[in-house]
Amino acid sequence: MSSSEGKPMSSRLKSWPMWMFMAIVTVCLLAVGAGREGGPLTQQERIDVITKRLACPTCDGESVFVSQASAAVNIKNEVARQVASGQRDDEEIIAYIEERFGGRVLLVPRTTGFDSLVWVLPVSVLVCSVAGLAAAFRRWQREQGLVPSDDDRAMVARLLAEEPQDHDEVPR
Amino acid sequence: MNDSENSSPLNAALEGRSRRSSLIAGAVGVVVALFFVVLVVSSPEDRETAASPLLGNPAPVVRSTTLENEQFELSRRRGSWVMFNFFNSTCVPCRQEHPELVAFHEAQASVATPTELYSIINDDSDNAVRAFFEANQGGWSKVRDDDGSIAVAFGVAKVPETWIIDPNGFVRMRFIGAVTKDLLTEKLTELQTAFEGM
Chain H
1 MSSSEGKPMS
11 SRLKSWPMWM
21 FMAIVTVCLL
31 AVGAGREGGP
41 LTQQERIDVI
51 TKRLACPTCD
61 GESVFVSQAS
71 AAVNIKNEVA
81 RQVASGQRDD
91 EEIIAYIEER
101 FGGRVLLVPR
111 TTGFDSLVWV
121 LPVSVLVCSV
131 AGLAAAFRRW
141 QREQGLVPSD
151 DDRAMVARLL
161 AEEPQDHDEV
171 PR
Chain L
1001 MNDSENSSPL
1011 NAALEGRSRR
1021 SSLIAGAVGV
1031 VVALFFVVLV
1041 VSSPEDRETA
1051 ASPLLGNPAP
1061 VVRSTTLENE
1071 QFELSRRRGS
1081 WVMFNFFNST
1091 CVPCRQEHPE
1101 LVAFHEAQAS
1111 VATPTELYSI
1121 INDDSDNAVR
1131 AFFEANQGGW
1141 SKVRDDDGSI
1151 AVAFGVAKVP
1161 ETWIIDPNGF
1171 VRMRFIGAVT
1181 KDLLTEKLTE
1191 LQTAFEGM
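Residue numbers (our numbering), protein chains in the order written: chain H, 1 to 172; chain L, 1001 to 1198.
Because the hints were derived from the structure by calculation, they are not lab data. Please note that a few of the clues may not be correct.
Not close to chain L: a few residues of chain H, all C-beta gaps over 12 Å, as computed [to be verified]:
1) Trp16
2) Phe21
3) Lys52
4) Gln82
5) Glu91
6) Ile97
7) Val125
Chain H regions said to be covered by chain L (calculated; three or more residues, Cβ under 8 Å) [to be verified]:
8) 61 to 75
9) 100 to 108
Quick caveat: nothing in here was measured; it's all calculated off a predicted structure. Just so you know, even glycine gets a beta-carbon here, dropped at the ideal spot from N, CA and C.
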């Protein structure tokens, strides 16, 4: 039996290789889960998925899926018609609606042009924040390890030497 | 305090941190200022009311029936100037612009090549539309759009909207909101003059 086998479980879990292994497994599972294709959607599921991505052009913040406004119902009917015809995929149907009503009809912003800032900015801010924090932590660590210079030592020694005299001068 | 104290590593570190803080604050300020400039300079889409990707392009396919139960197909109207007015009998601006459309339609009767006017019924019942036209005149055809496909094809979200299509079947103009007889006549004349010069 090796020495590691004799250690309690909690001790072994605390070791970094185990944590690293768990992190790799988690990332792999997430990657597989995210990239996995779902089964074929029914027509109604496709209609729901598409209309949830489209904004009602005459409402504030409502999707075509939930809105009962005339324009939203018209768009829903058009999506249903195009899904039934089977000639366009989801992205093409959304592009058709966007072409007619403009970019304001998209609930999920585009990943190109000015709209891409919506996606890029949060990631950039996160990366910059993490980098800034890392730099700050490193700096604080360095500052904690500052070695006093000869001048600093001389100043402290001088002050210590002066201290008893100061006490003597305090009136009783 | 003597010079040696001023140049201690602690003071140097504090000065460095202060410089960095100023730099970071300056960078954040610049980014915020840039966003402000973009916000002020960019024009909201709503201001471009009459813009449409259809302008200058072939009109969408329109196939439906009229209130008189006759077949209507836009492609069969080639050779004529066509005007679509998206309409709902309960919409207040539609009701307000109606006398202007009646006047425009009457004026077109006296020109050599009259523009064909069609009302596209938007989210309304046949009976309500018939009752409205009986009470308020308007002898042009009314085209059904029961499933809203014509409205979506033209990107119409709110009524009234008026569209002009040239004799070759190309979309030439879009009016969002109520129109007047004078506005329609003026723009149509401009378009027809430009078309004849092509």
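Verification of the supplied hints:
1. Trp16: Consistent with the label, H/Trp16 stays out of reach of chain L, its closest Cβ about 31 Å off (over 12 Å).
2. Phe21: With a cut-off of 12 Å, H/Phe21 remains clear of chain L, as the shortest Cβ separation is near 38 Å.
3. Lys52: 17 Å, holds
4. Gln82: 10 Å, violated
5. Glu91: The claim holds: H/Glu91 sits with its nearest Cβ about 17 Å from chain L, beyond 12 Å.
6. Ile97: 7 Å, violated
7. Val125: Violated: least Cβ distance 10 Å, not greater than 12 Å.
8. 61 to 75: This one holds; 5 residues, not fewer than the three required, reach chain L with a Cβ under 8 Å.
9. 100 to 108: holds (count 5)
Violation of the numbered hints given earlier is confined to hints 4, 6 and 7; the remaining hints are satisfied by the structure.
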